[in-house]
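Chemist: Listed below are the residues making up each chain.
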Amino acid sequence: MISIRWHGRGGQGCFTAARLLGAAAVNAGRYALAFPSFGPERRGAPVLGFTRIDDAPITDRSEVSECDGVVVLDDTLLNDRAVVGLRPGGWFVANTRLSTVPFLPEGVRFTALDAWELARQILGKPIVNTAMLGALIAASNVVPVSDAAKAIEEDPGVKQAEKNKALFLKAWHQVTG
Amino acid sequence: MNGGSVPSRRRFLSGNDAVAEGVRLARPHVIAAYPITPQTTVVERLADMVSDGRLSTEYMYVESEHSALSALIGASAVGARTFTASSSQGLLYMAECLHYASGGRFPIVMMNANRSVALPWNILGDQRDSLSLLDSGWIQSYALDAQEALDLTLQAFAVAEHPEVLTPVMVNLDGFVLTHTYEAVDVPPTELADEFLPPFVTANRMDLDRPKSLGFVAGAADNTEFKYLQHVGVLNAAGVIADAEAKFNRIFGRKGGGLAEAYLCDDAEYILITLGSVAGTVRSVVDDLRAAGRRVGLLRLRYLRPFPGKEIAASIGRAKAVGVLEKDISFGHEGAVYTNVLSALARGGNAPPSLNFVAGLGGRDISRADIKGMFDILSDEESPRRFDSPVRFIGLRGAKAGLA
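Residue numbers (the working numbering), protein chains in the order written: chain A, 1 to 177; chain B, 1 to 404.
Read the hints as simulated data drawn from the structure, not as lab findings. Do not take every clue at face value.
[As the list claims (entries may be wrong)] Short, incomplete list of chain B residues facing chain A, as computed with Cβ under 7 Å:
#, residue
1, F12
2, H180
3, E183
4, G280
5, T281
6, S284
7, D365
For glycine and all other residues, C-beta sits at the position ideal for the given N, C-alpha and C.
Modelling step: build the complete structure from the supplied sequences, incorporating the hints.
Modeler: If you want it as structure tokens, here you go:
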């Protein structure tokens with residue numbers, strides 16, 4: 001089972017990204033759970049999202065304590081708390097212009113994307129969740145890129161689906177290189 | 001696969017979304033509900049469906065949960081199919097009307113998002129809300145996952161409205177863990193849902209051609225008979241649930257689990273009995289322990305009323321010890337589910353030593369390590385005193401932990 005943890009602030013679409021990744025895995029014929037950090041939501045406060053993906057039905061409903069990937073949507077959340085529980089060999093994907101971070105655990109692969117800039121260009125506003133989904137998939141290959149694009153098209157909660165798909169693909173291309 | 005030509009649609013939905021889809025497929029005449037976390041998105045989705053025309057229903061805005069259920073009692077009394085949803089304090093505010101609905105034999109269906117009850121104030125999941133209402137005369141089911149939430153919701157109407165049952169049904173989903181978690185759900189087409197669930201027809205309604213008294217007084221001379229008939233109605237639900245699940249399987253190709261579902265219990269020495277979504281986590285631990293050669297099993301209670309007493313007695317087999325894991329405590333005694341299970345074991349004439357694991361209160365995580373720990377305590381044959389205090393608060397902090 002693969003577990004991905006998403007870090008963002010309320011209103012940035014952090015959980016939507018977690019849900020899109022889960023839907024992408026289901027599109028690919030796999031099993032997935034996606035859930036937010038439980039409890040009240042406040043705009044601007046730090047929030048978490050989680051995605052579990054497996055080839056078999058997932059029955060474990062306990063909290064995610066260790067994960068294979070962490071995605072940080074907001075660079076003000078880029079600190080050592082973001083890497084707690086991240087397994088060696090995992091992916092750390094951040095919305096930043098930095099080329100590395102001082103708290104990166106040994107054996108963790110770092111991927112950076114200046115998603116603010118891409119989102120401003122394509123959406124005209126700083127909403128980076130689909131861009132960071134593209135960056136994660138480019139870094140990790142956890143789901144096929146086409147299945148994630150389909151998830152963006154079909155999710156009723158995604159506004160400006162066509163533009164978000166374009167942003168997602170642009171981010172994916174940029175990280176893939 | 002389903003039996004019709006129209007395929008089901010596989011969608012990525014939350015537990016609350018899945019309930020709303022189940023309600024849409026049941027085509028209720030009247031919905032009345034008051035929003036409360038973590039139930040809110042159920043009534044939001046239903047309002048969306050009414051607004052965009054996917055669901056044709058009388059959607060009533062009410063000022064409280066008490067009014068919501070009162071309104072549905074009135075609607076059901078003219079023969080309408082009815083739905084509401086609530087949680088925690090909202091469910092407790094309905095408590096008076098719960099008895100009115102069951103006593104009046106009004107087959108209302110309710111979704112309850114299991115949530116802690118105040119004080120201390122807490123919006124996260126445990127089962128103390130619905131378990132405190134086991135005696136309200138409602139049938140109670142507990143979903144394992146979002147698919148089962150949809151299936152139980154659709155089936156609830158068939159069970160509640162059956163003339164041999166005529167009893168309201170409460171479908172319970174663990175707050176947040178189920179209500180707010182997304183997963184793949186097969187949403188059946190309306191054509192097949194219509195085949196499964198025919199329109200509601202009842203003699204228990206106001207009818208100008210056949211006038212009768214509803215919501216009446218019954219004094220000492222008749223009251224026992226009415227209460228006996230209510231008891232029989234809930235007992236009858238056991239057979240009606242089995243029939244409904246068989247029909248559901250014929251039409252949709254998904255089997256139900258009956259009142260209780262045993263997993264690897266046949267040769268199990270140690271069995272955990274539980275309900276709701278945590279059964280999934282227990283199952284994953286059972287798989288791991290089985291792989292390590294330990295004979296452990298899981299018995300999941302899908303319904304608490306009617307109570308699966310016979311199923312429990314039949315599933316325990318040669319178990320050396322059993323544990324009951326629940327998100328509940330009846331202060332000064334033990335968890336309500338444990339009390340019910342002990343009664344079933346005693347009547348079955350096979351009551352092995354047992355423990356009551358109280359966990360998940362106020363939304364605290366029940367980890368795989370916690371569950372493995374429960375099996376370890378049950379199977380620690382070096383410790384003959386392990387059953388001395390049956391109620392164990394899992395993960396209790398502080399100096400008084402010795403009480404647990």
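Chemist: Go through the numbered hints given earlier and state which of them the structure violates, listing their numbers in rising order.
Modeler: none
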